[in-house]
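Protein sequence lines, in the order shown, are assigned to chains S and B. Be aware that the first sequence starts at 823, since it is given in this note's numbering, and climbs by one per residue. Be aware that the second sequence starts at 21, since it is given in this note's numbering, and climbs by one per residue.
Simulated from the structure, these hints should not be mistaken for lab results. Some clues are possibly wrong.
Said to hold, decoys possible - In silico lysine-lysine, PhoX-like type, Cα no more than 25 Å apart, as pairs:
#1 B:Lys217 - S:Lys928
#2 S:Lys928 - B:Lys232
#3 S:Lys1022 - B:Lys217
#4 B:Lys235 - S:Lys1037
#5 S:Lys928 - B:Lys235
#6 B:Lys135 - B:Lys71
In this text, all values refer to a predicted model and were calculated from it rather than measured experimentally.
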Amino acid sequence: MNNNRYKILVIEDESNIRSFAKAILEANQYQVITSDTCQNGIMMFSSHRPDLVLLDLGLPDRDGLEFIRTIRSLQEATPILVLSARTGETDKVEALDLGANDYITKPFGTAELLARVRVALRVSQYSGNPSLSLDGKFFLHDLMIDYDRRIVSISGNEIKLTQTEYNILVLLAKHTGKVLTYAFIIREVWGPSDDGGVKKLQVNMANLRKKMGIKPGDNRYIINELGVGYRMCEE
Amino acid sequence: MNNTHKVRDAFFTFSTLIILLFFNIWMQEIFDTKTLIPMIFVLGVFLVSLKTQGYFWGITASLLSVLAVNYAFTYPYYAFDLISPECVASAVVMLLVAILTGTLTTQIKRQEKIKAETEKERMRANLLRAVSHDLRTPLTTIYGSCSAIIENYDTLHKAQQLKLLGEIRQDSEWLIRMVENLLSVTRIGGKNVEISKLPTVLEELIDAVLVKFHKRCPDQQVQVDIPEDFISIPMDAMLIEQVLINILENAVDHAKGMTELKLTVTTENALALFCISDNGCGIAADRIDRIFTGYLDQEIVPADGRRSNMGIGLSVCAAIIKAHGSEIHAGNNETGGASFYFSLELES
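The shape of chain S in the complex, shown without the other chains (with noise of 0.2 Å):
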């Protein structure tokens, strides 16, 4: 039975948030191996081959950033949820454009961590090709993308997208749970070389939230992380 349960490994050098990460963990039947150094990490990363990566940022020999660089570099698809005390946007727009699958910033509740470990451990089961664990349609709530035949509606009511707009909800559908950086929402929709930046996205957001409906407050499919991206919610 062990050997059903993903396994986590948490690197973080404060060991009082080690200990509580890794009882709320063992609690919920994952099974955790811990490390206090960058270094260490990427060792028993390759030694135990773990599900999934809980990430510190601020580890005393190295930079965590240096750990999901030398991951990523290794073409280690693994994901990696970072935690951040830092409270600048930059430094998680950068951990996510490295490779990080998610950042929660500390301090955080234990729903909050359960609940993007869950999603990070499911995203990475489908990141092969989503689509088509979704039976060729994506639900969320009344949301439903059917991708063969490219319409979107609300509670059966079809909604009009242009080109654009269809791009950017698809995108965040495949990546349901996921925060998405700005830069490559860009990347993905509008291609590598566009300068058109953040501005055109936003402004094709704010349309996309109009159509469907969505007001202030009312969080039922998009998630604003303000100044980082957006997140399609996942349940």
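Since the structure of chain S is provided, determine the placement of chain B on it from the hints.
Just chain B now, with coordinates in the frame of chain S:
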């Protein structure tokens, strides 16, 4: 900035001297006497030393005055006679006036700066004292409750333990909010540090604020009224988010009898006007003037200054809005309740 000072000082020096020169010529015509001339030039030197920075312009003015008196108003007229003892003596007097005045004004300026520094230092010390005091209370609860549970694990009922743990969580949450506010203050930093403003979509900002606010106060409804248009405002989104959440939470904590909480944003010319209003008990008249500074002004912290988060929250709001080059205001509504409002410049 230094250059503009120099230009202004030079302009002041030369215009003063030229005006006095013509004034002297005119006086000479009217009174037909030269007794006033040196006095008026001394006045000029004094003015220049007083109004310009450092000694340079005062000394320049005194030398120029000596030359002017020597050239235009003493025998031989309209020619220089620089070696006469009279000229040397007047030059020495002028120089003394310039240097002494310069010393005096420099001293006054230095004292003013010291006074401002002390004021800032006092505010900082008060903030530190108030914060430490405020931190101690929840920490006492957390420490005490944890010890109680650890030491009496077997004798305490499960329900009692849960109650204590619940209080620990509550106080930790309060601490988190307090620290978030302090972090915002450090993010603003010194007076000269520019905050980094990024264009932020109003709708996204309000959405993020409401999501966060509902996490903390799930039962409190907020009526939102913002323009339909796409509005982009340059701001430090995290800080403005903090401002709006602080004001909303302040209403929940302090507006007794509130049934309605409104968040309105309107645009006017190149400004976005934010207004948060409630229909609660309003702000007491004796507090309204000091509502944004009260926390920093208090010399003595009341013995049980519990939950004075309101003070620091609003002080932080005022500091953040100020750092955005605007001002925050509070007032009571005619129909009851209080309103907080501020404006931010729209993206041009």
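> Can you name, in rising order, the numbers of the hints this structure does not satisfy?
Replying inline: none
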